[in-house]
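J.: Sequence:
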Amino acid sequence: MSPVLAGILQLLALVVALGLSYRPLGDHMAKVYSSEKHLKPEKWIYKAIGANPSVEMRWPAYLRGVLAFSAVSVLFLYLLQRVQGSLPGSLGFVSIDPDQAFNTAASFVANTNWQSYYGEQAMGHVVQTGGLAVQNFVSAAVGMAVAVALVRGFARSRTGELGNFWADLVRGVVRILLPIAVVGALVLVACGAIQNFSGIHEVGQFTGGTQQWNGGAVASQEVIKELGTNGGGYFNANSAHPFENPNGLSNLFEIYLILVIPFALTRTFGRMVGSLKQGYAILGTMVTIWIGFTALMMWTEFAGKGPAFELAGGAMEGKETRFGIGASAIFSVATTLTSTGAVNSFHSSNTGFGGGINLLGMQLGEIAPGGVGSGLYGMLIMAIIAVFIAGLMVGRTPEYLGKKIGTREIKFAACYILVTPALVLGFTAASFVLDTPAHSMTNSGAHGFSEILYAFTSGANNNGSAFAGLNADTQWFNSTIGIAMLLGRFLPMVFVLALAGSLAEQTPVPETAGTLRTEKPLFTGLLVGTIMIIAGLTYFPALALGPLAEGLAA
Numbered sequence: 001m002s003p004v005l006a007g008i009l010q011l012l013a014l015v016v017a018l019g020l021s022y023r024p025l026g027d028h029m030a031k032v033y034s035s036e037k038h039l040k041p042e043k044w045i046y047k048a049i050g051a052n053p054s055v056e057m058r059w060p061a062y063l064r065g066v067l068a069f070s071a072v073s074v075l076f077l078y079l080l081q082r083v084q085g086s087l088p089g090s091l092g093f094v095s096i097d098p099d100q101a102f103n104t105a106a107s108f109v110a111n112t113n114w115q116s117y118y119g120e121q122a123m124g125h126v127v128q129t130g131g132l133a134v135q136n137f138v139s140a141a142v143g144m145a146v147a148v149a150l151v152r153g154f155a156r157s158r159t160g161e162l163g164n165f166w167a168d169l170v171r172g173v174v175r176i177l178l179p180i181a182v183v184g185a186l187v188l189v190a191c192g193a194i195q196n197f198s199g200i201h202e203v204g205q206f207t208g209g210t211q212q213w214n215g216g217a218v219a220s221q222e223v224i225k226e227l228g229t230n231g232g233g234y235f236n237a238n239s240a241h242p243f244e245n246p247n248g249l250s251n252l253f254e255i256y257l258i259l260v261i262p263f264a265l266t267r268t269f270g271r272m273v274g275s276l277k278q279g280y281a282i283l284g285t286m287v288t289i290w291i292g293f294t295a296l297m298m299w300t301e302f303a304g305k306g307p308a309f310e311l312a313g314g315a316m317e318g319k320e321t322r323f324g325i326g327a328s329a330i331f332s333v334a335t336t337l338t339s340t341g342a343v344n345s346f347h348s349s350n351t352g353f354g355g356g357i358n359l360l361g362m363q364l365g366e367i368a369p370g371g372v373g374s375g376l377y378g379m380l381i382m383a384i385i386a387v388f389i390a391g392l393m394v395g396r397t398p399e400y401l402g403k404k405i406g407t408r409e410i411k412f413a414a415c416y417i418l419v420t421p422a423l424v425l426g427f428t429a430a431s432f433v434l435d436t437p438a439h440s441m442t443n444s445g446a447h448g449f450s451e452i453l454y455a456f457t458s459g460a461n462n463n464g465s466a467f468a469g470l471n472a473d474t475q476w477f478n479s480t481i482g483i484a485m486l487l488g489r490f491l492p493m494v495f496v497l498a499l500a501g502s503l504a505e506q507t508p509v510p511e512t513a514g515t516l517r518t519e520k521p522l523f524t525g526l527l528v529g530t531i532m533i534i535a536g537l538t539y540f541p542a543l544a545l546g547p548l549a550e551g552l553a554a
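Residue numbers for the sequence shown follow this note's numbering, so the first one is 1 and each next one is one higher.
Hints were generated in silico from the structure; no laboratory data involved.
Cβ atoms here follow ideal geometry from the backbone N, Cα and C, with glycine treated the same way.
Misleading hints may appear alongside valid ones.
Quick list of the computed label-pair ranges, beta carbon to beta carbon [claimed, not checked]:
1) Ala-553 with Val-203: 57 to 67 Å
2) Lys-31 with Ser-2: 41 to 51 Å
3) Val-203 with Lys-411: 21 to 31 Å
4) Pro-521 with Ala-13: 19 to 29 Å
5) Glu-36 with Trp-213: 43 to 53 Å
6) Gln-211 with Arg-322: 17 to 27 Å
Derived lysine to any residue pairs resembling SDA-like cross-links, with alpha carbons at most 20 Å apart [claimed, not checked]:
7) Lys-31 with Lys-404
8) Lys-37 with Arg-175
9) Lys-404 with Gly-160
10) Lys-47 with Lys-31
11) Lys-40 with His-28
12) Lys-31 with Val-134
13) Lys-277 with Thr-515
14) Lys-277 with Ser-21
15) Lys-47 with Thr-159
16) Lys-404 with Pro-508
17) Lys-277 with Leu-20
18) Lys-31 with Met-272
19) Lys-47 with Glu-36
20) Lys-277 with Leu-526
21) Lys-43 with Leu-178
22) Lys-411 with Gly-391
23) Lys-520 with Val-287
24) Lys-404 with Ala-498
25) Lys-47 with Val-174
26) Lys-40 with Pro-179
27) Lys-411 with Gly-395
28) Lys-404 with Thr-321
29) Lys-520 with Met-393
30) Lys-277 with Val-509
31) Lys-520 with Gln-278
32) Lys-277 with Thr-288
33) Lys-520 with Phe-388
34) Lys-37 with Pro-53
35) Lys-37 with Gly-391
36) Lys-277 with Leu-25
37) Lys-404 with Pro-53
38) Lys-404 with Gln-278
Modelling step: build the complete structure from the supplied sequences, incorporating the hints.
T.: See below:
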């Protein structure tokens with residue numbers, strides 16, 4: 001079987017698996033967030049944290065819950081790393097330096113999981129399982145809660161109440177993420193992923209000495225890192241490591257985990273607003289972009305020219321022979337079009353255009369299908385922008401799902417889409433103005449520029465993957481990327497929840513003959529065009545200096 005055909009068949013198998021999961025999972029999540037009942041374990045949690053899950057919150061209170069919980073999480077994870085050297089199960093590792101501890105705490109709480117350290121050489125069992133793995137669950141649940149709050153803003157009227165943050169957070173973990181993660185961990189163990197609490201072993205006799213291998217609760221952390229679109233790996237090689245991702249079957253399963261909740265949330269959205277067709281329109285937009293990017297990535301990685309490319313069947317540099325080019329291309333697009341950041345190949349070793357595709361995927365805002373929760377609310381923001389543009393074209397006040405998109409709403413949407421470009425381009429420019437950051441680049445020229453652009457794109461968009469050629473473990477990058485991750489995660493949430501509150505207060509307007517039919521394929525096309533134009537106009541100059549220049553020079 002040719003490598004190209006193998007890649008296409010894997011993509012088809014993935015589409016079938018996602019299609020089979022779409023309806024039951026989407027309906028289940030809609031029931032979870034619409035239920036008025038509380039499970040007994042959930043009641044124990046509410047009592048422990050002193051929360052009343054039955055009290056409805058307006059958007060300022062909901063936002064305070066999000067920010068307070070996240071701030072406590074950052075502080076807890078920071079302190080846990082700073083005292084690691086005194087903890088049992090630390091595997092002899094010392095406490096983490098302040099700048100790196102801040103960077104890691106910000107990273108995992110912001111659902112970014114950017115790592116400027118070698119996991120198997122820095123973090124012991126307690127920090128990995130009690131700190132990082134816990135944040136993989138709750139940071140994903142926070143994103144889902146904010147998305148559901150925005151959906152309620154569309155679904156409700158004449159009220160500013162968006163639900164209860166603590167109830168949404170706990171239900172997301174207990175009823176959605178945990179059950180899937182338990183089953184998924186068993187699947188990964190059956191595939192060969194390790195799951196233990198063993199120490200460090202010296203194995204084999206290699207030139208210059210032995211090699212040290214760590215054990216760990218890898219399968220259980222691997223499953224939630226993918227399912228929650230987190231991405232932080234137990235090992236530095238991430239999902240290219242055989243302990244995390246043993247074979248082709250586990251690789252396909254991990255891609256499935258990355259995509260299944262973000263895609264299914266579109267059906268949850270349709271259920272909660274009372275129109276499945278609206279959910280299908282958002283799904284169609286996500287699928288169009290995802291399939292298009294995957295096809296482009298496979299083409300550029302298979303179509304390389306030169307003796308090395310021809311002998312290897314494509315751009316095999318930096319890719320695992322266990323997976324090949326096709327599976328690596330599918331994985332890299334899935335991880336950069338979501339906020340996952342897990343990698344099974346070195347993105348820095350992609351062709352020039354391949355690296356550009358990964359960059360552009362993140363720069364779209366990671367909305368196809370995007371992160372768990374963040375993908376849906378990011379896409380709904382773009383839908384508001386699209387109906388606003390359509391309204392300008394026909395001279396009519398824009399409406400979406402029966403809600404008027406007025407000055408206030410469009411200001412919130414505009415602020416949302418401006419946050420991450422300002423962070424990415426501002427910090428990238430500052431890194432080249434100063435002397436020290438540029439010394440962290442392994443490469444010069446266009447590829448070196450892409451290394452730093454990729455780092456801040458990944459951080460501000462809460463992705464977490466890296467170009468692998470940049471030494472980011474410096475005070476400058478640990479601090480600035482940490483700030484970019486926190487601002488890139490929580491500032492957009494401010495505008496999303498403010499928008500949700502504004503929409504929930506409105507009285508629905510009746511549909512007329514002039515109403516834009518947002519459930520039709522025409523609107524899907526308009527939405528795809530809006531997304532590509534906004535991202536293209538924003539990032540094209542930077543992309544031209546980096547991956548486009550590199551690709552054209554090849």
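J.: If any of the earlier hints don't hold here, list their numbers in rising order.
T.: Of the numbered hints, 1, 3, 7, 10, 12, 15, 28, 35 and 37 do not hold.
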